[in-house]
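Number of protein chains: 2
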Amino acid sequence: MSIKEEVVKKAKAAHKAARKLANLNTNLKNQALLAMADALEENVDKIFAANKKDLEYGKDKGLSEALMDRLLLTEERIKKMANGLRAVEQFDDPIGEVLEMKKRPNELQIGKVQVPLGVIGMIYEARPNVTVDAAGLCLKSGNAILLRGGSEAINSNKAVAEVISKAAYENGIPEGAIQLVETTDREAVQVIFGLNEYLDALIPRGGPGLIQAVVNNSTVPVIETGVGNCHTYIDNEADVVMAKDIIINAKTQRPGVCNAMETLLVHKDIAEEFLPEVIKKLQELDVEIRGDEIVQKLGTDIISATEEDWETEYLDYILAIKVIGSLEEAVDHIHKYNTKHSEAIITENYHKAREFLNVVDAAAVYVNASTRFTDGGEFGLGAEIGISTQKLHARGPMGINELTTTKFVIYGEGQIRE
Amino acid sequence: MSIKEEVVKKAKAAHKAARKLANLNTNLKNQALLAMADALEENVDKIFAANKKDLEYGKDKGLSEALMDRLLLTEERIKKMANGLRAVEQFDDPIGEVLEMKKRPNELQIGKVQVPLGVIGMIYEARPNVTVDAAGLCLKSGNAILLRGGSEAINSNKAVAEVISKAAYENGIPEGAIQLVETTDREAVQVIFGLNEYLDALIPRGGPGLIQAVVNNSTVPVIETGVGNCHTYIDNEADVVMAKDIIINAKTQRPGVCNAMETLLVHKDIAEEFLPEVIKKLQELDVEIRGDEIVQKLGTDIISATEEDWETEYLDYILAIKVIGSLEEAVDHIHKYNTKHSEAIITENYHKAREFLNVVDAAAVYVNASTRFTDGGEFGLGAEIGISTQKLHARGPMGINELTTTKFVIYGEGQIRE
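Those protein sequence lines, which keep their order, are chains F and Y. If you read the first sequence in the UniProt record's numbering, its first letter stands for residue 1, the second for the next number, and so on. If you read the second sequence in the UniProt record's numbering, its first letter stands for residue 1, the second for the next number, and so on.
Treat the hints as calculated values from the structure; they're not laboratory data. It is possible that some hints are incorrect.
If several chains are the same, the list does not tell them apart, and a pair holds so long as it fits within one copy or across any two.
Pairs of lysine-lysine residues, derived as BS3-like cross-links and limited to a Cα-Cα distance of at most 30 Å, are as follows [stated by the list, open to error]: (1) 52 / 268; (2) 52 / 166; (3) 20 / 102; (4) 102 / 112.
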């Protein structure tokens, strides 16, 4: 079978299963989710054996320590994946909910019902947990899924997908609902990009390179996710103690994730009072500082920031700092460089807070809080399938509701159009 | 200026205007809409002069009668466009509405606010009224618009766009909010497909060729609209009098639109009783019938239906008819050939009605009514910008709410992530 044939065959099977999945009983879906969770825990040895292969191959290939850590599966991490499925079991089933229902003057009764998207394609990098999280959320929302993980994790993904799909099918989930593309050839991704007949949406999860490749090449509708060049603007009327705590949290609590701060903007009137201490503290925490001319004068070991720094999502212990003349200038900088993910202002001023919330164009806009909160769990959506940075369909953290669409159902008594 | 430069310049201007439009006062937008409506009526002579050029050119080019009729602007049609803008003025402004607001355990207050998409691109064919309708809906919902109409209507579109944008800008709408691409070169469309930096969504309106070209070539997120290969299934437990009225309405009341019926499916147990009279009546109304073998025996002058007939959206006085063994078979036929637009069942049976509503995958699913009702006005959405046949973002008739997205606004008091 050619690569194209393999991928199309799997997509077709998912498409076929999706029809049955759309009207599946909630209790049955929940039972399957619990069985999938148990199966993961019962098959740790099998999963470890597969994971070991990936780790060995990764070591030979010279993967970075961070990547190797992402690949690694431990008993605790498998338990976490299983508990993720148990958490999804607890969610309300969104499918079949009537969001509105109205009667028209001609007595037609028109309702809007929540239904699954159908088949969701996921293209992601080296985290095997995405395989489980995505399968669980899709199953609960009545969607079939076509998974395409990174080649580095292929053995782990295969083992995990086999374990959960076997448990799912044994518990009444239609065969074909969970599909993993097993070839690691890049051609498979090109094939997926053109599967409009079988896929209803494609969600990429990974670095900017992966996401841009999907956005630029897929004819299947894409939900763009994840890249976060996030800013925090410290207004001249900020509570400086609060500002300092928020900055340190937004930069250092977990710098490798998309909602971490990448650029700090500081109003010129408080730069001299505020920055020296903050820069020192950040440097103590191993953060490399890159700044404009004024910033460079307010500390030591500060690299001169270039245009590229304002554009970069470091995902690392690096922070760009710029001194800004006004709220308006801060907003202009943000709009010039941001990726529409998460932006924050720190201020005590009522009008500036409202202004910032109103005018900044991003998925999440904050007053007096760390951008690190942009997350499905923190926003109360339960689990998340990704963070949308586009405007169509969903924006910000996407939970189970964002894996649904609607259809109009119309109850008539013989109405015809005049 | 090259074609690319012209198009990019207009998109940039729209993008710039969109920032201001997003926070525009509702009263100001309403005043502008009324001024635009008045300006259309005050400038009929100018618009007629431009329209005459298009009509002459169309005549030379040998456009079909139907296309010539679409192109033609009359005093009545201009009044209708103006009244469309007045109707939009009456709509509630969707922008700024807080759709939900909750408090998290850490006291963060997280709200979801309705905001404009930003800049919407419209690629459409030869109806100058789309220029006005789309501009009005986008303006009310705080979006800038980049219009690209068919070359046949270019002079009419230019005149109309000039009249309404002048009136808009004179009434406080930011300059640049309404952009018409004036070159008729096809290269302009290729440029639009890649304007991800400036456009937030692209909506094609027209025939299947246009829509497929946009879906297959645009990297800007597309909302696929309009193609409707709609079915009506007459169950063996149907009220045959009602069924007949609905069929005639769905096929002949306005066959050239996307919600008209294209294929009739009839249960085998009532085919002999039901079809002869219906076929005769349809033929009297100039409908050409194409049918399977059984259908051909139940009337005269019936052409043998081919695979192509089941696939075709005729948009004409042609109907394909197939005799079907069961509800399940009808659903299978629909899923094989439909474009996920509008599908109907005619039945008196409670269970079959519910089954059809549940399992059929389409934007609008009907029991005992004509598919012709799938329309923003008929569904109570006010005006419509198109009918989405995809599942992401919007499904079915799209009104002003479908031209919006959301953003999360987060009110903190210094919260940091643990």
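| said: Reference check for the pair residue 52 and residue 268, CA-CA at most 30 Å: within, between, both, or neither? | reply: Classified as neither: same-chain Cα gap 53 Å, cross-chain 60 Å, threshold 30 Å.
| query | Checking residue 52 and residue 166: alpha-carbon separation at most 30 Å within a copy, between copies, both or neither? | reply | within (22 Å within a copy, 68 Å between copies)
| query | Between residue 20 and residue 102, at a C-alpha cutoff of 30 Å, which is it: within one copy, between copies, both, or neither? | reply | Intra 28 Å, inter 35 Å, cutoff 30 Å: intra-copy only.
| field | Same-copy or cross-copy closeness of residue 102 to residue 112 [CA-CA at most 30 Å] | value | Both ways: residue 102 and residue 112 sit 9 Å apart in one copy and 24 Å across, limit 30 Å.
Of the hints listed earlier, the one the structure fails to meet is number 1.
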